[in-house]
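Residue numbers (this note's numbering), protein chains in the order written: chain R, 1 to 178; chain V, 179 to 361.
Read the hints as simulated data drawn from the structure, not as lab findings.
Note that the structure is a prediction, hence the values are computed from the model and not measured.
Virtual Cβ for every residue (Gly too), placed ideally from N, Cα, C.
Don't take each hint at face value.
[Said to hold, decoys possible] Heads up, incomplete: computed chain V residues facing chain R, CB under 7 Å, no partners named:
1) GLN199
2) VAL201
3) LEU218
4) PRO224
5) ARG300
6) LEU302
7) LEU341
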Amino acid sequence: MTDDAELIRRVAVGDRSAFEELHRRYARSVLGIALRRIGDRGRAEDVTQDTFASVWRSARRYDPARGAPASWLYTVARNAIVDGLRRTPPPTVDEPPELASSSPGPEELAEAEWTAWRVHRALETLPAEERRLVELAYWSGMSQSEIAEYVGLPLGTVKTRTRSALRRLADELDEELR
Amino acid sequence: MTDVRDLVGDELEPGEHERLQRVHELLGEVGAPPELSPALAASPEPPRASVIPFPRRYRFTAIAAAALVAAVLFGVGYLVGAAGEAAPVRTLAMTGSGGATASLALFEDDDAGNWPMELQVRGLPPGDYELWLAKSGELAEPCGAFAVGRGTTTVPLNAPYRLRQFDAWVVVEAGEDDPVLTT
């Protein structure tokens with residue numbers, strides 16, 4: 001599989017197929033952080049489109065020596081979100097009373113956002129069948145037995161493939177697991 | 179958080195349980211990635227870096243006018259400059275393919291709305307070029323023509339426009355539409 005840095009290099013010289021592949025790999029991750037920041041689905045989708053327009057325009061400025069491709073794309077996405085918020089700020093609401101907040105602070109939120117970005121991006125590296133099984137296992141509410149019935153595979157096969165998927169994710173997320 | 183073995187069975191290699199358990203917890207923490215709507219399922223059309231076909235007869239008129247204004251301003255600036263060099267109010271970096279770069283220094287606009295500029299270009303092949311203001315990826319208003327020689331070329335130019343209306347500066351080869359340098 002072509003690595004992300006090579007794809008960005010090809011986008012920089014106008015390679016449309018590399019751009020499509022980057023979009024396939026990152027669109028859900030970008031939409032994910034846009035939704036976290038903005039909340040509104042329509043605006044988040046607009047920002048996602050803007051992010052990829054920025055990727056196309058600025059790919060030639062990507063310098064592999066200054067960071068990993070995922071970090072660069074994350075920065076491009078965050079900048080697009082900030083621009084999107086500037087263009088159409090969220091509706092103002094009444095100032096809440098000053099109470100001690102138990103919600104996470106900016107650092108915790110940023111950390112959580114980065115982790116979600118990496119995990120969602122890692123999911124996109126899985127073979128389609130394994131990704132489907134992971135998504136069903138974690139976010140469908142079905143048990144493994146129900147998943148086995150749903151996808152028409154023996155329960156043992158579902159477990160084996162889920163294990164294989166988690167191993168791949170562990171390799172991909174090595175940095176997060178340290 | 180449940181045990182990952184509930185999902186994958188007990189047949190884990192030694193030392194693997196802790197690693198997969200952490201992945202299991204991360205997946206639980208971050209939640210599902212959003213599904214893409216049909217509008218986002220396909221990659222967007224790459225934005226075009228150029229170009230409105232600008233009628234050539236207008237182009238040369240506009241460039242000639244801009245060059246004349248630039249020359250007049252250069253002369254005025256040269257005379258006024260004797261009183262002390264002005265500092266730019268903003269300096270923009272421009273980049274292009276093949277390592278070409280430029281810096282565009284914008285000086286304070288005059289009462290009539292002229293923005294004196296100084297463009298310093300490095301790395302472009304020798305030839306004739308034009309500086310344009312661009313909007314939405316298209317050439318919008320010309321800001322003068324200049325020739326590039328070997329090494330660094332520094333030229334005074336002028337932009338008699340309301341700059342907020344535009345979103346980029348681009349340099350194109352004379353008579354062409356594709357940018358060779360952009361901000």
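A quick look at each hint next to the structure:
Taking 7 Å as the C-beta cut-off, the interface hint given for V:GLN199 is violated, the closest approach to chain R being about 9 Å. Given hint, V:VAL201 at the interface with chain R, holds; its Cβ is 5 Å from that chain's nearest Cβ, closer than 7 Å. For the restraint placing V:LEU218 at the interface with chain R, the shortest Cβ-Cβ distance is roughly 6 Å, inside the 7 Å limit, so the hint holds. With a cut of 7 Å, the hint placing V:PRO224 at the interface with chain R holds, because the nearest CB-to-CB distance is about 4 Å.
Annotation: interface hint on V:ARG300 violated; nearest CB of chain R at approximately 16 Å, more than 7 Å. Violation of the interface hint for V:LEU302 is found here, the shortest Cβ-Cβ separation to chain R being roughly 15 Å, above the 7 Å cut-off. Violation of the interface hint for V:LEU341 is found here, the shortest Cβ-Cβ separation to chain R being roughly 18 Å, above the 7 Å cut-off.
Checked against the numbered hints above, the structure breaks hints 1, 5, 6, 7 and satisfies the rest.
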